[in-house]
Each structure stands twice: as C-alpha cells, then as structure tokens.
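Asker: Dock chain W against chain C, hints included.
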Amino acid sequence: MPIITYREALRSAMDEEMARDENVILLGEEVGQYDGAYKVSQGLLDKYGPKRVIDTPITEEGFTGVGIGAAMAGLRPIVEWMTFNFSIMALDQVINNAAKMRYMSGGQFKVPIVFRGPNGPAEYLAAQHSQALQTLFVHIPGLKVVAPATPYDAKGLLKSAIRDDNPVVFLEGELMYAWQGEVPEEEYLIPIGKADIKREGSDVTIITYSKPLRVVEQAAQELEKQGIQAEIVDLRSLRPLDEETIYNSVKKTNRCVIVDESWPMVSVASHVGWMVSRYCFDYLDAPVELVTSEDVPMPYNHKLELAAQPSVEKVINGVKKVLYI
Amino acid sequence: MSRDFPVEKYDKDFLLKLLRDMVLIRRVEEKAGQMYGLQKIGGFCHLYIGQEAVATGSIAAIDLSKDYVLTTYRDHGHALVCGMDPGVLIAELFGKVTGCSKGKGGSMHLFDAENHMYGGHGIVGSHIPLATGVALKIKYKEEDGVVLCYFGDGAIHQGAFHESLNMAKIWNLPIVYICENNQYGMGTNYQRVSSVHDFYIMSNSYGIPGKQVDGMNVLEVYEETKKAVKQAREQGLPSFLEIKTYRYRGHSMSDPAKYRTREELEEYRQQDPILLFKNAMVEKNILTEEEYKRIDDECKKVANQAVEFAEKSEEPGLEALYEDVLA
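Chains C and W, in that order, are what the protein sequence lines are.
If you're matching positions, the first sequence starts at 1 in the numbering used here and goes up one per residue.
If you're matching positions, the second sequence starts at 1 in the numbering used here and goes up one per residue.
Next comes chain C alone, as it looks inside the complex (with noise of 0.2 Å):
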C-alpha cells in the first residue's frame, strides 16, 4: 500500500471529491495561486481554475458565511480556515448560520458545508497561534465535527465530510501534515461517528484524538515494556460520538484514561470521562483519569509549551494512577 502523508492525504481526498461532483467548490486564504498556507490543497488552482479554487480576502466572517450561503443553495463548498484560531472571527456564521438553518426553517434548507483547517497546539507560536478549540463547535448541535489522527482517516472523513449533508467541522493539525501513513489507491470512504480501535489491550482503555495518538501510541509502547497492554480508541469523530465502541472497550479493560490536547474544562475529555462514569459505572475499577493541555494559554518558550500540554510521561502518570501502581 502506498505510504503517503496527512497533507497528501487531505489533498486526494479534495482532489476525488471536486473530480466527482462539480457543485464542490474551495475557498480561503491562500488556497489557491499560493497553494495554501500549509499546502494541502498544491495544484488544484492549476486542475480546477479559479472558479472552484478561490482565493478570498482576509475576512474570515465574510467568507465563511459565503460558503454557508452557497451552500443554502446548492453547492457543496469546502471553506478552508488557514488556521482554527482565525476561526474565532468566523464563529458566528458557523454557531448562528450554519448549525441552525434547517433546524430554525423547519427542515426545508440543508447547509453542505465542510470547515477544515489545522487546529491545536504546533510550536513556537505563542497564545493566539496555537490553542485547540474543539470544544466550541463540539458544544453546538447542527454540526458535525471530525478530527482524524492519521492519513487513512484524514482521506476517507473527508471524502465522507465532503458528501454529508451537513455543516463538518473538520480538524487538522500543522504537525500532523507531514505524518506518513498507508493509504490505498482505491476509494475507500470512513463514516463520521465511528471511533477506531488503535490497539488492542486488556489492561487499560486510553480514549484520544487527534495529534495526541502519537504521544499514547508512544505510551502504549513504554507501558508494554513494563507488562501493561493499553487499548486506544481513537474517537476520529467528536460529534456525533461513538459511544459503544467506547464503552465496549471500558468494559472490557475495567479502567480508562482520556487524553485530550484541549484545556480541561468543558471538554471532549470532561465529557467522555462523565458518559463512561455514568455508563460503565459498574465496570469501573477505578476512577476515570484525564490527560489535558494545562489551563493557561499557550507560552512562546519552548520547554513551557511542551509542558502545557499532554506527553507521554503524562499519559503513563495516568494510567499508572487508573491501575493503582
């Protein structure tokens, strides 16, 4: 199977999607004569011109509700957000326009409309650049939000975000662009709202997403060497949740850790740690452990902002803890 990376993978996937169905459209900053900011979407200007590649002003707002707008009446826009952080300019159109529309019109409008975009911690970028900020979309029904950790995930969501008759919320990572992964040539398609089983394990369920797989695949492998085998379940998508995957997994390992790159409070993680309480209360032999960023905003020294966020000692100092050791 082909090894590609997350970027390449992103970019397939848009490239099949716009080959297949005209009404797909692109547009943001930089996506096109610049090839996009982190180059996700190279030589698609060139493949599909400017009238399905557009670039846009720095209107965040503007252009986010053009796509929604659009997509009201029939295209299937694809609205790149150079980084999530410039999302907060756009949340409005998002929360107000694109989650409420079918429901506040009785059903008769449907939004297709993907946001993607790189989200979460990367380096060196200080407190505006680098911040995840799932749990503001996570919280709003209308929406669907995907975060997919690998290249066969990132290609096949977003073939499926791309097709769904809803607003997907779709989160990437600056760091993740360059991970490489096995992706085959075929066309495959991944539903949203299935949660993937990373590693099997008995001992200990560690529930994750997005960039931090990497840091609890690292994890697992340490706590192998120590004679601990951890389950990871990806969730891949945050909205709609797979819960029975994750109670499946719990009840089998008796024990979970959550670990989240987002900040604690309000959370994904706060959440899954409430339903697996609530919903394998009698599995439980011990109380579920969460993993997060720190509750600061991100600092520019390099040391500090690895320490803010969650590592593979953290994850360890977890599960240890969940096993009683």
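Calculated directly from the structure, the hints in this document are not laboratory data.
The structure presented is a predicted model; accordingly, all values stated were derived computationally and were not measured.
Be aware that one or more of the hints could be misleading.
Said to hold, decoys possible - Each computed DMTMM-like pair below joins lysine to aspartate or glutamate, with the alpha-carbon atoms no more than 25 Å apart:
#	chain 1	residue 1	chain 2	residue 2
1	C	K39	C	E186
2	W	K139	C	E30
3	C	K110	W	D85
4	W	K139	C	D164
5	W	K139	C	D21
6	C	K47	W	E142
7	W	K139	C	D55
8	C	K110	W	E323
9	W	K227	W	E142
10	W	K141	C	E30
11	W	K141	C	D46
Stated by the list, open to error - Pair by pair, the computed Cβ-Cβ distance ranges are:
#	chain 1	residue 1	chain 2	residue 2	range
12	W	G83	C	K51	30 to 36 Å
13	W	E319	C	E200	37 to 43 Å
14	C	E185	W	V325	34 to 40 Å
15	C	P297	W	L321	36 to 42 Å
16	C	K47	W	S205	33 to 39 Å
17	W	T288	C	K51	52 to 58 Å
To be verified - From the derived model, a few chain C residues whose C-beta atoms are all more than 10 Å from chain W:
#	residue
18	T5
19	I88
20	E187
21	L189
22	Y283
Idealized CB from N, CA, C, for every residue including glycine.
Answerer: For chain W alone, coordinates are given in the frame of chain C:
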C-alpha cells in the same frame, strides 16, 4: 418633501398589485400587533408598518423563479410580497406546526425556500455574507438570477456588510444590497452612531455604486431597484441602495419608542407610503375611493382569515423537538 408619482405611465393592474401588497402587509402587521397584545405571539416581533413600500416596490422588480431574497428579522413584509400565504405566516408567529418553519422559527425566521425567500435572519448583519454566497452560487452555475439583500441602518456598521461588499465587487456578483434606513437601530438614531449620515456613499469605498432612494415612494423604489437588478443581471455588477424609510412602531413589540417625539412620528404618518400612493392614483382618476375600500376590506378579511387559520392549527408534537437538527 415633494414626491412624484407618475402613475399614468404604468399598467393599472401593476399599480393595483403594488397597492394591494402594501395594504396587505399593513393589515397583516396590525393583526400581528394585536395578537401579540393578546399574547398569542411571544418573544420578539418586529413590525414592518411604515416600511411597506420598500419590500413591495423592490420585490416587484425581480422574478422569484430565478431571483432570491434574504432579509433581517423584520421579515413579515418581505415574506408576504414573496408570496408566503398570510395564514402560514401568522401560524409561524403563533408557533403552530402549519407555520412556514413548522413553528420552530417564529417571527424572526420566516423562510419560504420554494419562493426563494431565504430568511428571516436574527443576527444583525450576519445574513449579508449568506446573501453574497447565494449570489456566488448564481454566478458559479451561470444562472440568470439576482439576489436582493435587505438590512437595516443598524447593520451597516457590522464588519459582515463591509466584508461582503468587498467580495461582491472583486468577484462581480449579481446582488443588490438594500439598506432600509428606518433611522433607528433599535432605540438609537443612526446619526448618533454613524461617521457618515448618507449611507449610500459608503459602497463607493468598494467600487460599488450607491444611491439614495425615497422609501415612501413605492414607484421610486421599484424603478431604482429595477435599474440595479438590470445591472446585476446583465453585467454581473453589485450595487447598493439606501432606501430611506420610517417605522411607525417601536423596534419590537416590547419597545415603547420613547426616544423619538410624537411630532416626528406624526410628520412621517403624513408621508405614509400607502396614503401617498393611493392619493396619487385617485388624483389621476386611476382609482376610486370605493375601489380602495374594496382592496382594504379584502386585505382585512385575509388578515382575519390568517388568524383563524393559525388559531385552528395544531402545535407541533413533542417529537418535533428532535427533528431537523441534521439533514
């Protein structure tokens, strides 16, 4: 202010349609206000009384089989002129399942997808990018349509307005932005919060022509919109109209409008868009007072029937709570 109503230049049926549309809005809105007082309607209810000539004259200049309308939460008038059944409208205000949005949108969220009335939007200025996106779709699909995007004087300082005009110009989108300057953003007179007092010049910053229009003259609104629509349809050029108007009621039903004088209100009542237009038609012997009374009686009857329909309609079942969250 002297006004010219060259009614003799128009077909009588067309004039009667404009007149009836305005009278119908007036009578339906009066009914809505009355029903709000009886607590049949809750929440926010923004009436269009005084502004009837704007929606009526401008929507008369488009073809809704290919053109689109997006507006604010003061949307009853636009919905009616776009062809929404008054019963369906009042039923939505009553929160009934027979309402256009099945009782889940209310006064501020009237939608009629079939008639290309794309809302009914509650956040000031937030729908201006949406309307621009609908225009992008028209251009992308190489269709013949035009979008009319309405908003108030309160919305014009929102970034969404300025961002949208810029994009409409760089992409040459077929859209007419219409500022219904009713002079008050809620309780604040526009002159207190605007760096310029003639809004029509603002679009020049984006290379888009702007024009000030008398919103109490339905024929002027019609003619100026027609020109702007022609330019959008034939040349794909956006334009901007500042239509000066006045609302007789408060911002919403809960606003007693203490920020303006009785004299000011009375002055505008003398320039009533329905009265002026009717008088011009009567003066030129195109309409008799009896004919006008017949139109008015008919509209009152339609408004009463709309209320009856809404009264008799069912509320949505509890299962509707979970419907249409996702497609």
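Asker: Each hint should be assessed against the structure and marked as holding or not.
Answerer: Consistency of the hints with the structure:
1. Of the pairs offered as hints, the one joining C/K39 and C/E186 holds, with about 23 Å between alpha carbons and a cut-off of 25 Å not exceeded.
2. The suggested pairing of W/K139 with C/E30 holds, with an alpha-carbon distance near 21 Å, which does not exceed 25 Å.
3. Straight-line distance between C-alpha atoms of C/K110 and W/D85 comes to about 23 Å, which keeps the hinted pair within the 25 Å bound.
4. For the proposed pair W/K139 and C/D164, the alpha carbon gap of about 24 Å is at most 25 Å, so the pair holds.
5. A hinted pair counts as satisfied when its Cα atoms are at most 25 Å apart, and W/K139 with C/D21 qualifies at roughly 17 Å.
6. For the proposed pair C/K47 and W/E142, the alpha carbon gap of about 20 Å is at most 25 Å, so the pair holds.
7. Note on W/K139 and C/D55: the hinted pairing holds, with a Cα-Cα distance of about 16 Å set against a maximum of 25 Å.
8. A threshold of 25 Å between alpha carbons decides the hint, and for C/K110 with W/E323 the separation of about 13 Å falls inside it, so the pair holds.
9. Between W/K227 and W/E142, the direct Cα distance comes to roughly 21 Å. Compliance with the 25 Å bound is thereby established for this hinted pair.
10. Taken as a hint, the W/K141 and C/E30 pair is honoured in the structure, with Cα atoms around 23 Å apart against an allowance of 25 Å.
11. A hinted pair counts as satisfied when its Cα atoms are at most 25 Å apart, and W/K141 with C/D46 qualifies at roughly 20 Å.
12. Judged by the Cβ atoms, the range 30 to 36 Å given for W/G83 and C/K51 holds: they are separated by roughly 33 Å.
13. The hinted window of 37 to 43 Å between W/E319 and C/E200 holds, with their beta carbons roughly 40 Å apart.
14. For C/E185 paired with W/V325, a C-beta distance near 37 Å keeps the hint of 34 to 40 Å intact.
15. The hint said 36 to 42 Å for the Cβ distance between C/P297 and W/L321, and at roughly 38 Å that hint holds.
16. Taken as a hint, the range 33 to 39 Å holds for the pair C/K47 and W/S205, whose Cβ atoms sit roughly 35 Å apart.
17. At roughly 55 Å, the beta carbons of W/T288 and C/K51 sit within the given window of 52 to 58 Å.
18. With a closest Cβ-Cβ approach of about 31 Å to chain W, C/T5 is found to remain outside the 10 Å limit, as its non-interface label requires.
19. Non-interface call for C/I88 relative to chain W: holds, since the shortest CB-CB distance, roughly 13 Å, exceeds 10 Å.
20. Residue-level check passed: C/E187 sits 23 Å from the nearest beta carbon of chain W, beyond 10 Å.
21. With a least beta-carbon separation of about 17 Å from chain W, C/L189 lies farther than 10 Å from that chain, consistent with its non-interface assignment.
22. Chain W leaves C/Y283 outside its interface by the beta-carbon criterion, the shortest separation being 29 Å against a cut-off of 10 Å.
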